[in-house]
Structure formats: C-alpha cells, structure tokens
Amino acid sequence: MAAGAHSGALEDLDTRPGRETIVSALFRRGLIGLSVAFLAALLLAPLAMVFASAFHDGVQRYLQTFADPDTQAAIRLTLLTALIVVPANTLFGLAAAWAIAKFEFRGKSLLITLIDLPVAVSPVISGMLFVLLFGMRGWFGAWLAANGISIVFAAPGIMIATLFVTFPYVARELIPLMQQLGNDEEEAAITLGAGAWMTFFRVTLPKIRWGLLYGVILCNARAMGEFGAVSVVSGHIRGLTNTMPLAIEALYDDYDFTGAFAVASLLTLLALMTLALKSLVERTGYRRR
Amino acid sequence: MRDGQPTVLPGFGLTLGFTTFFLSAVVLLPLAALVLLAASTPLHQLLDAVASPRALASYELSFGGALLAACINLVFGFIIAWTLARYEFPGRRLMDAMIDLPFALPTAVSGIALTAVFSANGWLGRYLDEIGIHVAYTRLGVIMAMTLIGMPFAVRTVQPALLEVQRDLEDAAETLGAGRWYVFRRVIVPAVLPAILTGFTLAFARALGEYGSVIFISGNLPMKTEITPLLIVIHLEEFDYHGAAALGFVMLAASFVILLAINLLQAWGRDRMVRGAR
Numbered sequence: 001m002a003a004g005a006h007s008g009a010l011e012d013l014d015t016r017p018g019r020e021t022i023v024s025a026l027f028r029r030g031l032i033g034l035s036v037a038f039l040a041a042l043l044l045a046p047l048a049m050v051f052a053s054a055f056h057d058g059v060q061r062y063l064q065t066f067a068d069p070d071t072q073a074a075i076r077l078t079l080l081t082a083l084i085v086v087p088a089n090t091l092f093g094l095a096a097a098w099a100i101a102k103f104e105f106r107g108k109s110l111l112i113t114l115i116d117l118p119v120a121v122s123p124v125i126s127g128m129l130f131v132l133l134f135g136m137r138g139w140f141g142a143w144l145a146a147n148g149i150s151i152v153f154a155a156p157g158i159m160i161a162t163l164f165v166t167f168p169y170v171a172r173e174l175i176p177l178m179q180q181l182g183n184d185e186e187e188a189a190i191t192l193g194a195g196a197w198m199t200f201f202r203v204t205l206p207k208i209r210w211g212l213l214y215g216v217i218l219c220n221a222r223a224m225g226e227f228g229a230v231s232v233v234s235g236h237i238r239g240l241t242n243t244m245p246l247a248i249e250a251l252y253d254d255y256d257f258t259g260a261f262a263v264a265s266l267l268t269l270l271a272l273m274t275l276a277l278k279s280l281v282e283r284t285g286y287r288r289r
Numbered sequence: 001m002r003d004g005q006p007t008v009l010p011g012f013g014l015t016l017g018f019t020t021f022f023l024s025a026v027v028l029l030p031l032a033a034l035v036l037l038a039a040s041t042p043l044h045q046l047l048d049a050v051a052s053p054r055a056l057a058s059y060e061l062s063f064g065g066a067l068l069a070a071c072i073n074l075v076f077g078f079i080i081a082w083t084l085a086r087y088e089f090p091g092r093r094l095m096d097a098m099i100d101l102p103f104a105l106p107t108a109v110s111g112i113a114l115t116a117v118f119s120a121n122g123w124l125g126r127y128l129d130e131i132g133i134h135v136a137y138t139r140l141g142v143i144m145a146m147t148l149i150g151m152p153f154a155v156r157t158v159q160p161a162l163l164e165v166q167r168d169l170e171d172a173a174e175t176l177g178a179g180r181w182y183v184f185r186r187v188i189v190p191a192v193l194p195a196i197l198t199g200f201t202l203a204f205a206r207a208l209g210e211y212g213s214v215i216f217i218s219g220n221l222p223m224k225t226e227i228t229p230l231l232i233v234i235h236l237e238e239f240d241y242h243g244a245a246a247l248g249f250v251m252l253a254a255s256f257v258i259l260l261a262i263n264l265l266q267a268w269g270r271d272r273m274v275r276g277a278r
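One line per chain: the protein sequences are A and B, in this order.
Counting in this note's numbering, the first sequence runs from 1 upward without gaps.
Counting in this note's numbering, the second sequence runs from 1 upward without gaps.
None of these hints come from the bench; they were simulated from the model.
Warning: the hint list may mix true and false statements.
To give a feel for the contact side, a few chain A residues facing chain B, derived at Cβ under 8 Å [claimed, not checked]:
1) Arg-202
2) Leu-205
3) Tyr-252
Have a look at the derived ranges for each label pair, beta carbon to beta carbon [unchecked claim]:
4) A:Ala-145 - B:Leu-28: 20 to 30 Å
5) A:Val-36 - B:Gly-179: 22 to 32 Å
6) B:Leu-221 - A:Leu-91: 36 to 46 Å
7) B:Gly-13 - A:Leu-205: 12 to 22 Å
8) A:Thr-21 - B:Leu-28: 56 to 66 Å
9) A:Thr-284 - B:Leu-29: 30 to 40 Å
Reference listing, derived: stretches of chain A covered by chain B, where coverage requires no fewer than 3 residues with Cβ under 8 Å from a Cβ of chain B [as the list claims (entries may be wrong)]:
10) 30-36
11) 54-68
12) 73-86
13) 100-112
14) 124-133
15) 155-165
Heads up, the beta-carbon is just placed ideally off N, CA and C, and yes, glycines get one too.
My request is simple: use the sequences and hints to build the entire structure.
Rendered as structure tokens:
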C-alpha cells in the first residue's frame, strides 16, 4: 500500500506554443483558482490561525504557557518518547529491509503486508490494543499489577502505542528502495573479503542514506504528533502522562485557548520543519516508490 | 532452493529473526488480543455493543462522512493534482510542498485550528454562519475535518499518474481531430482511473479511522455528531472492554476490506501500465 505518498518532484513543464486559446486560458485560471481557494481554506487558514491565536494575547502570555511545569513535562515526555521510538523503529526498518530486499524466502509478501498493517488501523484502535493487553482487566493486567508494573496510564504505554503507530514508517521507505538497488555491490564487497558490518556501513548505508533520512523524518513527525493512540493509553495525568498533543487537548478543554495554541505552535513548527526537510531530501533526487 | 539462498550476503537469520520477533511483539500479539477478546464475548453482548442505536448512528456518521469526504477529495484532489502536474504558475512549488501538511501536522493541532477557523466567530465561520451554514459542532464540520485529513492521499496518488500520461498520445488524438473534452474522457481519464480510485480508497480509509482532528470540531453529541472511534474511547473509559473490542473489531474488519481493495486497485493499475507500455 503506497500511502498516497509519492513525492511531487516537479519536472519542468514542457510549454506548448500555439495551444493556448481563450477557453483553455480561462479554464487554466479557473482550475488554479479553485485549487488555491480549496487549499487556502483547508490548509492555510488553520495554519495561520495557530500562530494568530498563540500570539493573540501577546508574547508575554505566549511564553507564560511554557513556564508552566505541566507543559514542560509534556514537552519532555514527547521528546523522550521520540528518542526511544524513532531509533527502535529505524533499527527495525533496517533489519526488515535487509531481510526482505536481499534474500528470497517464502511468505515474503505476507510479511510486507503485516509490516504495513499499523497504517491501516485507526489510531484509537491502536491504543486500545495495548489497553486490552496491559490494562487493569487486560491479558497481563493482573500479573503486572501484582508485580507493581504499570504500562497503561503511564509512560511505557505511551511509548508502546507510539511504537505501534510509527512501526512501518522507516521499513516501507527502505524496502522498495533496497529492492531496487539490488545485491551486486554488496556481493562484490563480501566476495572481496569485506566483513558483514563493513559491507553494511561502507556499501549499503551510503546508497540508502536519503531514503533512510526520509523515513526517519516522517517517523519522528508522527511519533511526536500522535494523538489518538496515545490518548487512549495515557490516562491524561497532567505533568506525568500528557504528551504535547495531549497537553493541547487539556488546555483546550480548560478554555485556555491561548495556551493550547501556544503548544500547538511548537508542533506546527515541527511539521513545517518536517516538510522543509522532506523537500530538501527530494531535491537530492530521491523519489519515493 | 533453500530459504535465504542463493547469495553470499550474511545476516539473513539475524535480520529476519529480529524482524519477525519485533513484528510479533509490537503488532501481531496486540491484534490477536483484540480478535480473541471480540471472539470470546458472548453473542448477545457483542450484538448489544455492535448494533446499539448509538453505535449504528456512529457508523452512519463515520462511514457516511468518510465517503462524502472521499468524494470531495476525489474531485478536488484531481483538480489540485492536475493543476500541479499541468500548469506553471507562481507558488507552484510551495503549493506542492504544502499538500503534505496534513500528514506532518499533528491531528490535535489541525483539529483545534480547523475548529477556530470555522466556529461562529472564526475567520471563515462568521461568513458561513451569516448565510446559514454552520460548520463547527455539526456533521458538516466532521466532513470538513475528514476532507482535510484525506486530501494528501487523493492528490499524491493521482499526481504521478498524471505525469505519466503520455503526451504524444494526447497529441495524436488531437491531430486525428479529437476535441479536448474527448481527449480528456477517452485518453486521460482511462489512464489515471486506477490512481483516482486508489486515492479515493486511501482517503476514505484515513477519514474512517480519524480521531484527533475530528473530535474538536464535531462537538461529540451522542447520536448526532459522535464518530465510531470516539464511541470506542467512551467504552474504554467506562472499562467496558468487550464493547470497545466489539466496535474495534467492526472497524478493523472494515480496514481489512479497504486494504484488500487498495491492493487490488494497485495491481489493476500496474497491469494497465504494463499493457499500455507495450
């Protein structure tokens, strides 16, 4: 499943002299106008609204939100979650891509489908899976309680749910890329006596670095921004189990709109940075497959 | 042929082992828990949860809303993809980069921002309110959020397909006397149809499961503006795991059907491309 994610590497359009008629010019302007209007209402207006609302009561009030210990705790938890989840899924993505792209084995297409599964599952259901496993009345609930381990309504639950949701991001980027690149260079390196790790670091990694970076950027954006899955497992304990997106909801529910949008502005900056980085990677000629 | 052969490359056992282990622990075991719990629920309890009036109303909104949003995206996604693929205008690159914003923007952020824009005193909401269109806290708002979240899927599947339509085919048709509308209908649409339908299905799937961007603008009135994922959350908050698992199972089954449809559509698209290239 290619999650609608082909990059828009824009080739220069071949202009076609002599084909512009009044009707086609009007048609072109109409379509461009429609596209701009649609995106302005649905994308630009909300984007501008985030910053307008965040600074509605001045910079002082904006900064005040971040002096709040609960907000700071939420930022820390979000960073910590990304710091654990992104490397774990990167490692997984590399291993999965190596196994799938370099070797032939039975059940390969089933494996690819299973890796893609979390993308197709609603975030709420993703979170619920871990409540059913680790929650008070879940499969391991009684055992965990007896041993004093809390996963659901605690930080580990948030991390596991995020791990699930961002699971395929690096793998689905690397698998088609490495399949296309083939095995020749690695086989040559091994045949000439290079070790396994040396082959990986000196031959494979340089070839896949842009695809890897691309997957990591997207994985990180989703890990920091995930709401639905995390919301279900978090328990919403302020200062303890709220991530940034959950802090936004908590502030919003308290009618502290300025505060909610202030936290939202940070995540919006992250999103804009993600898009900018993504465009940069695409500039190198990397195309999603 | 033995699995993993023939190649001199190392690490087959290690990487495949790690992959299967990690996959089983993070994805398969939790999914099995959901399926087993739904399966072990007594039938009458299962039916109560799945077919209660409140659940049925939520399906109507979730499936109906996602369908409408996907239809809107089918039309506008095609227009935007067409604009980006065929026309040169100032700001084209910026527009192209912006398309992915709903992917990158956390759903809670787009949820509260969309609500603020379309509420009765918001930038756009105030004008819409004057002409009697209420977006925030209505079903229309739900559809709006679902449209936003599915939009990149519709654009990004159609855009590359449009770029691949062979221009010489269009030229040949025009040289032979076909009008532009005829060329569009008989040359372009058939070539990009699989992509359009794939984009439609992906947008539908995403909108169906969406939670974060919808719950702020929906107002969450039971029977009226309550989506199925929210109903699952409510069951969970009441520690009604069986009810939540039953509803989750319905949504999961829907996702699998959609996933299957997408795979079939993509196979169809590839098949067409291969035959077209000959």
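- Ascending list of hint numbers which this structure does not respect: 1, 2, 11 and 12
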